[in-house]
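Enquirer: Below are the chains, spelled out letter by letter.
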Amino acid sequence: MSDEPLLAVDGIEKHFGGITAVDGVEFEIEEGTIVGLIGPNGAGKTTTFKMLGGFLPPDAGEIRYRGTDLQDIMQPSRAEKSYFTGSAALVAGLGGLALASQSTPSTAIQAGAAAVGAGAGLGAYRGQEILKTRHFGHKYSRPFQVSRAGMMRTFQITRELEGLTVFENLLLSPKNQPGENVLKTWMRFNSVTETEAANHERAEEVLDLLDLEHLRDEYAGNLSGGQRKLLELGRVLMADPDLILLDEPVAGVNPTLSKTLLARIRDLRDQGYTFCIVEHDMDVIMNLSERIIVMHQGQKLMEGTPEEVQGNQRVIDAYLGG
Amino acid sequence: MALSGPAAFLVSMLTLGGIYAILAIGLNIQWGQTGLFNISVAAFWGIGAYTAALVSKVGGETAFSWGLPFLWVDVVGFPIPIPVAVILAAIVSGVVAVLIGIPTLRLRTDYLAIASLGLAETIRLIFLNEGWLTGGGTGSTVSNPLVDLQYTNLTLLVITLVVLGIVYWLAETGVQSPWGRALEAIRDDEEVAQALGKNTFSLKMQAFVIGSMIMGVAGALTALRLNYITPFEFIPEFTFYVWIAVIVGGSGSNRGAIIGAGFLMVLLEGPRFLSDFLPGLSGSVAADLRFLLIGLVLMLVVTYRPQGFLGDKQLMTEDNT
Amino acid sequence: MALELQLVVNGIVFGSIILLASIGLSLLYGIGDFANFAHGEFLTLGAFITFAGYVTFGLPIYVAGLMAFLFVGALGVLIDRILMTRHRDSTPIILLILTIGLALFLRAVIRLQWGDNQRTLGMPLERGTELLQGSVGWIDYGIRITSTDIAIVFLALVLATGTHLFLTRTRMGIAMRAMSDNKSLAKVAGIDTDTVMTVTWALSGALAGTGGMLLAMQTGVLFPRMGFNIVLVVFAAVILGGIGSPYGAMIGAYIIGIAQEVSVMIPGISAEYRYAFAFLIMIAVLLYKPQGLAGGRW
Amino acid sequence: MMTDNDPNADDSSMNRRPILKTVAAGGATAVLAGCIGGGDGGDGGNGDGNDGSSDGDDGSSDSGGGGATYDVGLVNPYSGDLAPFADRNDRGSDLALSEINNESVAGGKINKITADSETTSNAGVSASQKLVNQEGVDVLTGPCSSGVAVSIAESVTIPNEITHIMINSTAPGITDLEDNGYVLRSCPSDAFQGQALAQVVSDNDISSVSLIVVNNDYGQGLADAFQKRYKELGNTVETTIPAEQGRSSYSAQLNEADNPNSEGIVFIVYPQSFQTMIREAYQMGIQENYEIFGAESMVSDEVEQNVDPVAINGMKGTNPSPPIESEVYQTFAEEFQNEYDRQPTVWAAYAYDAYMMLGLAIHSAGEYSSDAVANAIYEISRPEGTEVSSIAEGKSELDAGNAINYQGASGNVNLDENGDPSGSYQHWEVIDGTFEMQGFVDTGQ
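Residue numbers (our numbering), protein chains in the order written: chain P, 1 to 322; chain W, 1 to 321; chain R, 1 to 298; chain E, 1 to 445.
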């Protein structure tokens, strides 16, 4: 690992129809810091966030996490590629076989047709893949790989998994759960129960940390807005990522709870986690962040320490004018 | 050679009910657990049935001529007809499910519904028109090894219940596991599941394939029950029947799926006794009234108890999209 | 030998039949946010009411068609008032199951009323007029068109245009579009969403009723499953066009109609598979344009 | 207009014969049988029908008891694709039952219990399970489509050793069922008709045809038999085009059949699809270029009444022929006309014959049980013996100790060792929009 920052954003753009939502934004996030992302409504913060998380591919520019382009992180694995290719070949091969068997009883010709079909299917699939990625600028959007790589986001409007209890929500997050392979579950692998027990333990700790023990078995759908925010943070903690993208972590949270939340975030920073936070509450963001990036109309207006941002006339104009 | 009298009727109904229960559990994994709006149940049911019919023909000759007890588990490594048929039915259904899943599982819920319905119809057309493989409209005989047994219908019931037990265990274990949790996450909000690092496409595919394999197993049992299958068994209406079982039983609950299948059997077969109470009712009017009743009950159930008997109220009454 | 142009014409005629059903289905899908599986039964009912008017009462065919338009429209209102008002907040899946129940119910009612045997409109037979006979190179062009074909296409287009005007020129139509775009916003803006839903049901039913008449005119035979048998194709057209977009549905209907007919030209594929063809096209389009052709716009 | 004779046109027939209102509406089968037979609760008997006859020794050998009821099951497609056949089966069988129960056979009456097959095997098997095991019938009749019939035979009737008389299942494959003599039918196998049809087409000097075939057991079975014979006669089949029932358009199939190499088009489809097809064919001008032929399935009132004569005039084909000139058929047709105010179809005749044979077999055996019926039914239909065609005649001959040979409305119904009657076929031509029989087909074998 060289001196490449944890996250480097380089001139990303996003257009929706004729509207330019994000226009050449660039910034960097160093490990172990809290960076704030602010701006008036419609400044493109959320779109930027989506692109960082891999949910939206940028139209131009590059996002590098630990020096690797997000597009490379989100590449389908070799296994997945061969699985798709194989399926295309299988379908076309069967098609060839069916066509041949209609017209001739000769096994050799049928086998030949099947082979030709399979080849054609394989070729057609590879061809359209190449066409798609090389010539039509197809971008991958497979955010789970970003998440697995260690960069995890929360949502502006908390999206709890309402049919799951608080405890289950927490248990869901950890990476590399052997129990998520259903065959291992059915075969009763030891690793499944062991990991599950470890996760249970950790989930209890997180519940404790966030003061949510009393809601352990409550359906997440029944939580208040603030409790959901806490749960969302808890879920991220369970996954143990390196970089946490928080989208309005204290919006709609009562002041007491909000204070707890912010204290937790600071603690976590001290433990080595890195945060990037979008927040409307200026007090919160000024108190929390070491660096602040201000966006306006899809562009980066400025970047600096809270003090610098607070005194900046352009920022004030943007907020008042926007 | 077989059980007879009312007991036999009951056995037959229980067998059919068991088959519907297996189908319902398969669908419950897809819909109740993962939120996949699959309307191609009948297709996988049919694939299972036809596979069983085809392989039973292949294996029939040799295994029969040995005069072995047909449920005998292999000793010298020679497979016996029934398990082979059932397992192969599951495998073939699974392979087809993978192929269908690749294009359709990326689609939005309701698009998936119609796409799967269309593919089901395509598969039925293949059953109907590829005579060299399926016997076409004439149908296909099933070399049922059970037919020569002392208590054919009872044996089939036992097999069905054993399969149902296995399927139920697999489904329940799956649901309770982290795998089931991840599927539920996808059902509730696929984007969140992605943000949490779950490969949602792969998980959806797993649910789709496993559910479809279970439906294929039900198909194999159906082949054994009917001994002769035609493409007309696998029309879209039967998919709706299975949906009724799942919804009425309660989405997301495997026990509910079984209860729903029981309810479905009462709904489908109960009105047969209607003419006993209403003499003078002609056969065709009775048949029409039966469907009238089925439609009515369905509307009433979803109006007054949308979560079904054992369902998760959360899932059925709140909009999660 | 099959004349290529003829296939296209056949496709346009078939597309026109499913056109009306597609528009209605798409409106319900967009505004009510659910798939109406009873739509096929609306078609059947429209056909049978046309039958009742034309054959049983001896009215002129278009008067009978008007009856179908009005009656099935009224049925739509009835269904909405009695059944659907209780389900304004239900999930799409509940509504789907509900409409499956409704479909079974309606089909049983049709059976009880008209029986299982096929009925015939008994429209006079007509040999198609030959137009444009000739050939260029290998391509034979030459088409036969009957006045029924022309009437079907004309009527479908007139109603489609009428719907277009309704949606763009009237308050109600604009309210419907607003509601399709954003339900909560429409509610906030003071639109009576309940009434809008009822009108949508009425319009959707009326269009399907007329579609049923066209179907009966084309097929010549009526039977209780006739609507259900084509409803899958209608769904394909709606999805292809983009759910909730009536204009997309119009395009979808013609694409599906033509593609089905032209698929006969592919060698080695049995004519029976043309029904499958509609779905294959639909899935292929969705893979590259997941929102359908209209892309969620009106 | 056409509604008058339309099979379900309740309204028109109701006015004229209020007494038969329920019958015309397809109603009251059980009640009707019960009423005519003396009204001793034929329908209420369902409940105790279980103990009455399920074990075979209660209601049987003791033929003296005037109140004995013999439960017979009819699995009938009241819903589903073949629903139009259900009423035909009911009418034919009810007509036979009224005669049987007037006379009483072996001192008892036959009680018909129906169940809906929905035209699918799953439902059909359930229906027959109910009839056989719940209601305890010893003889099962129906269902309609051959696929369902085979499912029921394999899964219910053969294992339960129930005599199974199929009424409309004409698939050639049924002949080869390993049924231990329990499965028989009152309609001839399509293997015979396929040959006859091939002969007719060939005799018209048409040496290459396209086939449009409904893709179910009936269509495929018949098409296969046709093709085999037609080729033997030195002709060629250009294409066989499957067509599913219930489609709204068959232009694709017709376009495929529109093949410069063929001289004729043979339709093996049901009236419903045929009406759509022939309409489209006419619009396309197919009749101008091809000779058209059809199987028996389209010989029906619906086609005669609903299809414009110009579209079908000159069309030729075959029909399993009830001997229309025969006295038996004439009597049957007349009774049928009186009862239902319509002309019978050949299917009604098959149903009628099935029940007549059943009645005679019961009387001949002197008891009602599956085995007794299965044995006796072959005996009373064989060519040896006095020819009889009504229950009264049959009873007096049998009581006198003579062997009888039942002559049915649908033909001589001589069951061969496989339980199949041999078929005799007439060829027809459409003249002025009606099917005119042109005499019997000599298949030259």
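I should point out that these hints are in silico values taken from the structure, not numbers from a laboratory.
Among the hints, erroneous ones may be present.
Stated by the list, open to error - Below, simulated DSS-like cross-link-like pairs (lysine-lysine); rule was C-alpha separation at most 27 Å, straight line:
{"no.": "1", "chain 1": "P", "residue 1": "Lys132", "chain 2": "R", "residue 2": "Lys183"}
{"no.": "2", "chain 1": "R", "residue 1": "Lys289", "chain 2": "P", "residue 2": "Lys81"}
{"no.": "3", "chain 1": "P", "residue 1": "Lys184", "chain 2": "P", "residue 2": "Lys139"}
To be verified - Covered stretches of chain W (in silico footprint by chain P; criterion: 3 or more residues with CB under 8 Å from a CB of chain P, positions within the stretch not fixed):
{"no.": "4", "region": "151-164"}
{"no.": "5", "region": "169-177"}
{"no.": "6", "region": "187-200"}
All C-beta atoms, glycine included, are put in the ideal place defined by N, C-alpha and C.
Enquirer: Tell me, which hint numbers fail for this structure?
Expert: 1, 3, 4
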